[in-house]
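Chemist: What follows is each chain in one-letter form.
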Amino acid sequence: MDIWEKLDGIDRRWIYLLMFISVLIPTIFVVKFPIELTPEAEQLYNAVEELPDSSVIMLTFDYYASALAETEPMSIAALRHMWRKDMKIITLSNIPLGGPTIAERVTREIAEEFGKVYGVDFVNLGYKANYVAVMHGLASSIESIFPTDYSGTPLAELPLMQEVKNYDDMTFIYCVADNATVDYWVSIVNAQYGIPVGAGVTAVMAPKMYSFLEAGQMTGLLGGMKGAAEYEKMVGALGTATIGMDAQSMSHLLIIFLVIVGNLGFFMKRRKSKGAE
Amino acid sequence: MGKEIDIFSIVIKLKAIRILPVILLTITMSLILNSQAFAQDFGDSVFLYSRITVIVLLLVFSGAVLLYTKWAKAGKKLFIRKIAGVDAVEDAVGRATEMGKPVLFIPGIADVEDIETIAGIAILGRVARVTAQYDTPLRVPVRYPMVLAASQEVVEGAYAEMGKADSYDKDTVRYVAGEQFAFTATVNGMMMRERPAANIYMGGFFAESLLLAETGNAAGAIQIAGTARPEQLPFFVAACDFTLMGEELYAASSYLSHEPLLLGGLKGQDFVKVLIIISILIGTLLVTFDIGDWYTNLFDVP
Amino acid sequence: MRTTIPIIVAFLAGTLLIVSFFFNPEKIWIGDAKELALQWMTIVGGFALVLGVVSIVRVNARAVQRKSEGWFYKLMTVISVFAMAIPAIMPVTKESVGGSIFYSIFPESCMGYLGTGSNSFYDWLFNYVDAPMMETMFAMLAFYIASAAYRAFRARNTEATLLLLTAILVMLWRVPMGEAFLRLFSDNLPGYINTYVMGGFNVAVQRGIIIGAALGAASMSLRIILGIERTYMGK
Numbered sequence: 001m002d003i004w005e006k007l008d009g010i011d012r013r014w015i016y017l018l019m020f021i022s023v024l025i026p027t028i029f030v031v032k033f034p035i036e037l038t039p040e041a042e043q044l045y046n047a048v049e050e051l052p053d054s055s056v057i058m059l060t061f062d063y064y065a066s067a068l069a070e071t072e073p074m075s076i077a078a079l080r081h082m083w084r085k086d087m088k089i090i091t092l093s094n095i096p097l098g099g100p101t102i103a104e105r106v107t108r109e110i111a112e113e114f115g116k117v118y119g120v121d122f123v124n125l126g127y128k129a130n131y132v133a134v135m136h137g138l139a140s141s142i143e144s145i146f147p148t149d150y151s152g153t154p155l156a157e158l159p160l161m162q163e164v165k166n167y168d169d170m171t172f173i174y175c176v177a178d179n180a181t182v183d184y185w186v187s188i189v190n191a192q193y194g195i196p197v198g199a200g201v202t203a204v205m206a207p208k209m210y211s212f213l214e215a216g217q218m219t220g221l222l223g224g225m226k227g228a229a230e231y232e233k234m235v236g237a238l239g240t241a242t243i244g245m246d247a248q249s250m251s252h253l254l255i256i257f258l259v260i261v262g263n264l265g266f267f268m269k270r271r272k273s274k275g276a277e
Numbered sequence: 001m002g003k004e005i006d007i008f009s010i011v012i013k014l015k016a017i018r019i020l021p022v023i024l025l026t027i028t029m030s031l032i033l034n035s036q037a038f039a040q041d042f043g044d045s046v047f048l049y050s051r052i053t054v055i056v057l058l059l060v061f062s063g064a065v066l067l068y069t070k071w072a073k074a075g076k077k078l079f080i081r082k083i084a085g086v087d088a089v090e091d092a093v094g095r096a097t098e099m100g101k102p103v104l105f106i107p108g109i110a111d112v113e114d115i116e117t118i119a120g121i122a123i124l125g126r127v128a129r130v131t132a133q134y135d136t137p138l139r140v141p142v143r144y145p146m147v148l149a150a151s152q153e154v155v156e157g158a159y160a161e162m163g164k165a166d167s168y169d170k171d172t173v174r175y176v177a178g179e180q181f182a183f184t185a186t187v188n189g190m191m192m193r194e195r196p197a198a199n200i201y202m203g204g205f206f207a208e209s210l211l212l213a214e215t216g217n218a219a220g221a222i223q224i225a226g227t228a229r230p231e232q233l234p235f236f237v238a239a240c241d242f243t244l245m246g247e248e249l250y251a252a253s254s255y256l257s258h259e260p261l262l263l264g265g266l267k268g269q270d271f272v273k274v275l276i277i278i279s280i281l282i283g284t285l286l287v288t289f290d291i292g293d294w295y296t297n298l299f300d301v302p
Numbered sequence: 001m002r003t004t005i006p007i008i009v010a011f012l013a014g015t016l017l018i019v020s021f022f023f024n025p026e027k028i029w030i031g032d033a034k035e036l037a038l039q040w041m042t043i044v045g046g047f048a049l050v051l052g053v054v055s056i057v058r059v060n061a062r063a064v065q066r067k068s069e070g071w072f073y074k075l076m077t078v079i080s081v082f083a084m085a086i087p088a089i090m091p092v093t094k095e096s097v098g099g100s101i102f103y104s105i106f107p108e109s110c111m112g113y114l115g116t117g118s119n120s121f122y123d124w125l126f127n128y129v130d131a132p133m134m135e136t137m138f139a140m141l142a143f144y145i146a147s148a149a150y151r152a153f154r155a156r157n158t159e160a161t162l163l164l165l166t167a168i169l170v171m172l173w174r175v176p177m178g179e180a181f182l183r184l185f186s187d188n189l190p191g192y193i194n195t196y197v198m199g200g201f202n203v204a205v206q207r208g209i210i211i212g213a214a215l216g217a218a219s220m221s222l223r224i225i226l227g228i229e230r231t232y233m234g235k
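Chains as they are written, first to last, in the numbering used here: chain A, 1 to 277; chain B, 1 to 302; chain C, 1 to 235.
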């Protein structure tokens with residue numbers, strides 16, 4: 001058995017080990033390669049930047065805890081960007097498990113940083129089942145869908161919600177998601193109610209989103225951890241996505257290396273079998 | 001058969017069928033054009049005139065599906081290309097039978113309101129018939145209780161139809177977990193412990209697609225997947241032996257049934273696809289020459 | 001009869017939802033039928049959850065009873081189901097359903113720990129048990145992608161070679177280290193990849209699959225509504 005045959009039948013646990021090392025080392029020894037901006041990330045940043053100060057924006061936390069590494073840095077950077085412009089933020093989640101809890105934790109953390117007051121500068125609506133019905137319902141009345149906020153306070157008691165009754169009072173929807181709800185924000189809320197929608201999604205979902213982007217149905221896109229790192233760079237507050245970029249770089253390079261080795265083995269074997277014939 | 005069929009037969013004989021898409025497209029466009037003009041006059045009423053375009057397209061689509069179904073019923077031979085992945089389903093079950101190992105079938109991880117799940121359950125019915133026939137153990141883990149109820153009904157029905165009602169085990173279809181990765185972990189565990197000979201994934205899948213398919217591959221199973229989610233297709237293609245892409249998933253149950261009535265629906269769908277391709281080409285040309293605004297507005301449904 | 005009634009129900013439900021799309025929900029009830037149906041589905045789904053719980057308990061309890069292999073983990077599964085479910089359905093305040101009876105038996109100091117709010121037992125389990133486990137499972141994708149790429153990504157023919165080269169270019173473009181490498185060849189290369197590969201070929205392929213799948217879904221729905229496709233009923 002020559003080396004190529006051995007490599008072809010390699011125990012996949014060796015590959016797992018290599019992957020583990022390629023993620024671990026850059027996490028410990030951070031190099032911070034320069035992050036270049038993509039036009040779609042810039043488009044999202046500019047869309048928010050061009051909104052008038054103090055305008056009302058909806059930020060969704062449509063993700064499970066499993067995708068936190070990719071999506072949470074997007075939410076954090078978005079909150080920092082919006083509060084730097086003194087915007088009013090309404091958060092909600094279409095995910096029952098995780099989303100509302102994460103929204104509560106993240107918004108309160110960043111609010112402290114900017115000295116923002118709950119009920120005046122931001123409100124967490126929490127979760128309501130049936131996202132399609134929720135998205136339609138918010139167009140006529142937020143209060144009819146969410147009579148109370150996440151902690152059970154009636155919306156009538158929250159000053160911000162006296163000014164915001166439906167989509168007409170909002171300027172932008174910033175959707176951070178790890179699932180298909182983003183399709184509905186585009187196809188229902190943007191298409192039927194005309195409010196601009198920008199999104200931050202996981203890397204796996206990003207290629208599909210380009211269809212919406214190219215069609216002008218989506219205003220800007222952040223794809224995976226790289227997208228989050230780009231937004232962090234534009235906001236000027238480096239976070240976990242920027243730190244994670246080195247690990248991601250190494251793991252991508254490892255996969256490319258593995259693909260090359262795999263193909264070399266494939267060609268060697270093919271040459272050998274042709275020679276044998 | 002009725003008079004209509006005779007007229008259609010004449011049309012086919014005259015080979016005019018080849019220009020039928022163009023004729024239908026012209027009729028559709030003129031209908032849409034008229035309806036759009038009408039829609040602008042009555043925007044805010046009980047009936048949403050602005051959505052008339054959808055009615056026109058719905059009528060054309062339904063008409064095409066029903067027409068081809070009728071032809072199929074009349075005995076006209078319809079050519080349906082071979083779908084390797086679907087053909088492989090029966091072989092995979094056969095392999096499991098020979099090896100005396102179970103077949104694992106996952107009807108996606110979406111809820112029952114998702115049409116992909118319905119397609120998955122329809123294919124499950126076909127697979128269950130074969131496993132019942134050969135007394136091959138079948139395992140169907142599901143993520144939602146509604147899918148559990150529907151799948152149980154289908155599998156039980158399949159066993160009864162094959163005269164094997166006694167061999168049906170109520171826990172063939174089992175609820176595993178509502179949480180995506182808890183479901184994945186359990187199914188992966190099942191794969192490694194029971195080593196099914198064939199893993200069939202048909203329905204809506206998300207981030208767990210590769211986790212399932214890679215584990216199945218490591219367990220040495222023959223794997224067939226089908227999903228309409230473009231973002232998950234690369235993972236299935238990389239780790240499975242056969243993959244049904246997009247509409248192939250919806251066609252699979254009809255294809256497996258070999259019933260002309262169902263195959264007629266597939267032809268109708270293909271016909272509408274030809275119409276859409278023609279519409280896209282016209283739109284691309286018009287927009288390229290900057291005279292396409294009116295055309296794109298036709299398809300702008302609020 | 002066993003087939004006819006479900007087919008009639010499917011036909012009526014499907015037709016009603018299609019018709020409702022064309023009516024103004026603010027002017028006539030039929031326009032609101034879709035939302036109504038969604039609410040009904042949530043309620044039916046809630047009741048169906050009992051079926052799920054019965055199934056999970058029956059399958060695992062049987063294994064525990066027989067002390068079959070891995071019975072301890074199956075026992076943990078059953079315990080976990082109830083550990084997450086019970087605190088979430090307990091009355092959170094005295095005003096909640098059954099709250100007055102509950103808090104006449106248990107001390108009021110346990111109020112904060114029930115329900116799903118922050119500081120609750122459910123929240124604790126979610127943050128420190130469920131979330132890390134979910135993240136771990138998701139992270140495993142990196143390992144599986146590496147092994148799948150090593151095994152399956154072969155330049156077997158021209159198409160596969162093109163796919164492989166494109167994949168390598170996109171993988172390089174998506175990370176800073178790779179992007180820096182690409183810029184060694186040309187400063188415009190990352191931009192070209194974004195414009196032509198992601199915004200060009202990718203969008204074309206995605207749209208093709210989406211349109212095809214949407215047509216397939218519509219065709220299947222039509223077959224179901226008209227009772228042509230009955231396989232989902234086990235027929």
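There's no promise every hint is true.
[To be verified] The calculated lysine-lysine pairs, modelled on DSBU-like cross-linking and capped at a C-alpha distance of 30 Å, are: (1) LYS128(A) - LYS34(C); (2) LYS233(A) - LYS269(A); (3) LYS128(A) - LYS94(C); (4) LYS101(B) - LYS34(C).
[Claimed, not checked] Among chain C residues calculated to face chain A with C-beta under 8 Å, some are: (5) THR42; (6) VAL57; (7) ALA61; (8) GLU69; (9) GLY70; (10) LEU125; (11) PHE138; (12) TYR150; (13) GLU159; (14) VAL175; (15) GLU179; (16) ALA180; (17) ASP187; (18) ILE228.
It should be emphasised that the hints constitute simulated quantities derived from the structure, not laboratory data. It should be emphasised that the depicted structure is a prediction, and the values quoted were computed from it without experimental measurement. Heads up, the beta-carbon is just placed ideally off N, CA and C, and yes, glycines get one too.
Chemist: Against each hint, give a clear statement of whether it holds in the structure.
Modeler: Results for each hint:
no. : hint                  : in the structure
1   : LYS128(A) - LYS34(C)  : holds, 17 Å
2   : LYS233(A) - LYS269(A) : violated, 47 Å
3   : LYS128(A) - LYS94(C)  : holds, 23 Å
4   : LYS101(B) - LYS34(C)  : violated, 44 Å
5   : THR42                 : holds, 5 Å
6   : VAL57                 : violated, 20 Å
7   : ALA61                 : violated, 25 Å
8   : GLU69                 : violated, 23 Å
9   : GLY70                 : violated, 22 Å
10  : LEU125                : violated, 11 Å
11  : PHE138                : holds, 4 Å
12  : TYR150                : holds, 4 Å
13  : GLU159                : violated, 15 Å
14  : VAL175                : holds, 4 Å
15  : GLU179                : holds, 5 Å
16  : ALA180                : holds, 6 Å
17  : ASP187                : violated, 10 Å
18  : ILE228                : violated, 27 Å
Going through the hint list in order, the structure does not satisfy hints 2, 4, 6, 7, 8, 9, 10, 13, 17 and 18.
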